[in-house]
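Novice: Sequences and hints are given; from them, build the entire structure.
Listed in order, the protein sequences are those of chains W and U.
Just add 1227 to the spot in the first sequence (first one is 1) and you have my numbering.
Just add 180 to the spot in the second sequence (first one is 1) and you have my numbering.
The set of hints was computed from the structure by calculation and includes no laboratory data.
Please note that a few of the clues may not be correct.
[Claimed, not checked] Simulated crosslink set (DSS-like; lysine-lysine; CA at most 25 Å straight-line): (1) W:K1942 to W:K1990; (2) W:K1867 to U:K277; (3) W:K1862 to U:K277.
Just so we're clear, the structure is a prediction, and the values are computed from it rather than from any experiment.
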Amino acid sequence: MVATCVHRTARSKRMNIDGTRYRATFFEEAVEHLAALEAALLRLDANPADAAAVDDAFRAAHSLKGGADVVGLGELAQMTHRFENILERFRHAAPIPRPMVDRLLEATDALTHIVATLRRGESPSSAIEELQARLDLDCEPIGWYSSPHEEQPRAPSPPDSSVRRDPPTTYRITVTPHPEAFRSGLDPLVVLRTIEELGTLRAVKPHLEQLPRLRDLDPERCYMSWTVQLETDQSPEAIRQACAFAGEVVELTIEPESARRPVCEDACPASVMRSVSENHPCAVSEPLALAKFLVERQVLTAEQALEALYRHRGRYPTLGDLAVEVGLLTKDQLRQLRERLAPGNGFAQAVVAGGYLTDSDLGRLLRLQEQRIPVWSEDLINDGLVDRTTMAAELAAFATHATAAQPISAVAEHPAASDVSLPTETSAVADHPAASDVSLPAETVIPDDSIEMLPEFCAEATEHLEAADRHLLSLDNDPTNAEALNAIYRGFHTIKGVSSMLRLEVIRTLAHETENLLNRARDGEIILQDRYLDLAFASTDALKQQIHNLRQWTPGHGPLPTDPALTPLLAELRRVGTGRSAETGAPEKPAAAAVRSEAVSVAVHTPAHHPGTEGSSTAPPRVALPDKETVRVDKERLDKLTNTIGELVIAQSMVQQEFDELTAGSGWHSRALPELNKISRDLQELSLSLRMVPLQGIFQKMSRLVRDLSRKMNKPVELELHGEEIELDKTVVDQLGDPLMHMVRNAVDHGIEAADERRAAGKPPEGRITLRAYHQGGNVFIELSDDGRGLDRDRLWRKGIEKGLVTEGQRLTDAEIYALIFAPGFSTAAAVTDVSGRGVGMDVVRRNIEALQGSIAIRTQPGQGTTFTIRLPLTLAIMDGLMVGLGEDVYVVPLLSVVESFRPRASDVHLLAGQGEVVRVRHEVMPLVRLYRVLRRPARVSDPWVGLVVVVEDQGKKYALLVDELLGQIQAVVKSLDANFRRVEGLAGATILGDGRVAMILDVHGLTQIHAQQGFMQIPHETSFLTTPCMNMAGELV
Amino acid sequence: MNALENDRAITTFTADGRQFLTFRLADEEYGVEILRVQEIKGYSKITPLPNTPPEIKGVMNLRGTVVPIIDLRVRFGLRETEYNRFTVIIVVTVGTKIVGLVVDAVSDVLNVTSQDAVAAPDLGSGVDTSFITGIARTGERLITLLNVDRLVGFSATAA
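Specialist: Written out as structure tokens, the structure is:
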């Protein structure tokens, strides 16, 4: 005993360690889940009726909950659970009201905050309280709708006194499905949804009091009823009509909500009584259990048992008769009541509502009724189905079974294990769903938005499955190991959650069914041994196979076919998991048990897949899968790796160069060197790909921003996102957030007009902002366009003059005028109030973009809108450059800013009086920037027509950069000068050339700045090379 | 300003004596704290850095790292000489940065205790001695001890 205890402690300790070890991973994931949650909520905000968005939000919350649970963050799990509950009630009840979305978003923020706090290792108690308050708030006005899912809290709903009763009319409707409702194929939830469509649901309260203990629960029985407050302009008849399809199966009472009784007062003695009585071991559950037992012992046939049960039910004394008997009602009153009772109306409700009885009286009556229920075994004897002696023997055997705590259903399964077609194995439940409802989609279409998360999911799932295998093995040795069982359960639960989020139906179904099996084991209904253990192993193997298939899958492969071998396994799992003994080949029925409603939804929208053969679980062979895991690495190490590989590439080219020099003319060739070259290039590419992240996160932030802004400014604005999947270096993406935010804010604030103004201009009142990312020529372009008023050229011009940025006589192109908004100081308060006064922080935007080696351009059309186009390099670590020679030096011009290069004719170079040197390129005239002068370095060439000019673009303006010669292109590994020195104006950084020398990378913007500062003052001393005719031609150019 | 501060500096570093790498520049000997010296390199190809102060000779590739090179002759206002095969670059660390110092030749490693060192004399307000921590005597030699951080404060030498 002592030894066992020690053993246990050790094990639980290990579990804890596991929990913390996964915590870091969890936090990473939690951030993703929260982002997904936010994204879904934003989609909902855009379209409140978007059911898929609710589902997505739900899945994200669910995954977060599962994860928090696994790593032992109970409080977080609990919070998320409540969140989930709120979502749950909208899951089938879209549209979500806007204010609710707002609050959910706030709650998401609070959750994010909690996660961040937990991540820092602090206690988020205050945040949790705040969130709790928020969630409580959320629940109040709409009531607590819990649909019958497995996680639903059994706690009674909070008092719902705040229910508003606005005209038209609020009805109080009770929906009481017949206990056998499921068997008629009716899902009572459909009735609720129908009711909901008729008006506004003020409150929905489920009555869970009748739920028996789990071991007594018959998944095919409906134990629940609901009270709904519906505000509608429909008449009660119309409501009844709408629900007519439910027929007799669902009892509906409709009464105007005139009584001041809020729904929740139902937590009254009557219901308490009810729950007590239902849980009484001798109550209803026992006839069922006994019936099963008798059928299994072949004392009765299933049909007989069922009939007997119905008859038995009919012999229950009615409440009315009992009331008369004990003197609570007179016979006359009862008669009146019955006459007034609408068909299908519940007696109990009517009698209380009519003021005949109090709740407590009803409770006492219910207990009395309980006591008066005839003993079913007596019934059976009286009906002549079983003789008294047999019955006595059977009852004794039944009692033994019951005390042995060996659940009947589990006993039943043993003989039925592999022989599923024996009709004699039928339980009292004659027509339970069988293997035929195990339908899987024939193939899984993997949603686009899931693809990028697949690798992570696969890695995670593999980890869980391997852990499950380990724990299953330990269960094999020690079946009582609850810790191991829980660990396995959690693993499957997480897989289920995530696969559900990724819409991987097959995996989800499989995980779900296995979870059910494990759940039964957890509840002590079955012991995971032998057959059950094999089954569990088979499902881990099957899941592994699925994960393996998923890994092999690439987006080009189309849908993922479903392994037909899964169907029998799933059938077996479902049979065992729901505690049914065998199948009879009955037609497919909608799910009965609450736990299975999820599974049904699979069956409904996917083509049924009938297995050709059924029988033993044909689990796929256990394959040892190659282990492919994701590793989260801190950025510093990654940077070091990228750097070191960069050095390797340089060293490699140095080796190559030395080799070439040494063997020059000898005709020697190396076979190894080209190979080395290729490998180091591959390595470099690989190391750079490690740093790539999608734009998704930052785009999502923008949609949140647009939403908040549009709400705040009361300006309806829609944001369209394209190309979120485009990947960029993480450094670039991280630094892109700020400028993009400024731009989006400007677009909403200044770009989009007020709704009235838009309407007046004949535009739709909703503004539209499009954020689009795409690849082009090795760069990434990010376009932000609005359909607002556009930039006002004249106003900008006047503003520019006012600010002294331009002078009256200056001739600027449109692009140059628009570029004025980027000028620092242009974004003053005065500019903001200007009609076209964009410019809040636009200088910051440009600086940031340029710091990223990018550029930004503006296109605008008055009245039509404005488009900003940001061009960015894929990465900052490597840059394509053009090597140019200047004297003895080599410089690298970023290819991103290079337009073209050529040798101008002497007649194309002009000195414009007082304006500086220009070069004419076809029909354009651009300033000539002499690199040697800007850098103050010696050059071999001072005549443009002897050297070369490289046309570079800076902020939409072109410059002709005079260099000595072109040396070729280079993929430069960028080294910052700041690292060991400081920023140098005109230089973007340095790189190391193939020969080991350092070459400077030019910063075109910086160069033009220097050029502008240097002005024309020095020119006269050096302009002797400018020929006189050129200067004379100046006139025609002005 | 410096006498007091330098005194303090000397008292802090000479408790048990420190080692200095000494080098020659023109006809004088200087010392830098040896713990700050990362390596000593022969002169190799330096890429000039445009638009920087004249003492910044440029940058050098030190095993993949771009390291700025400061010519101490220029820094001290001495006559520049041609670099030859005896020209040496002392690579020192300044905070997180790595900087190369061009000197004429490296002499030896010297143990300096508080007895050996005196504060830098006040040379008048026109002379900047802020980067001199003290002067050490060994026999007939006078060695100027340099404070690398003050010598290579990039923010101060910014163009």
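Novice: Hints first: check each against the structure and report whether it holds.
Specialist: Now for the hints, and whether the structure bears them out:
1. W:K1942 to W:K1990: holds, 14 Å
2. W:K1867 to U:K277: holds, 16 Å
3. W:K1862 to U:K277: holds, 20 Å
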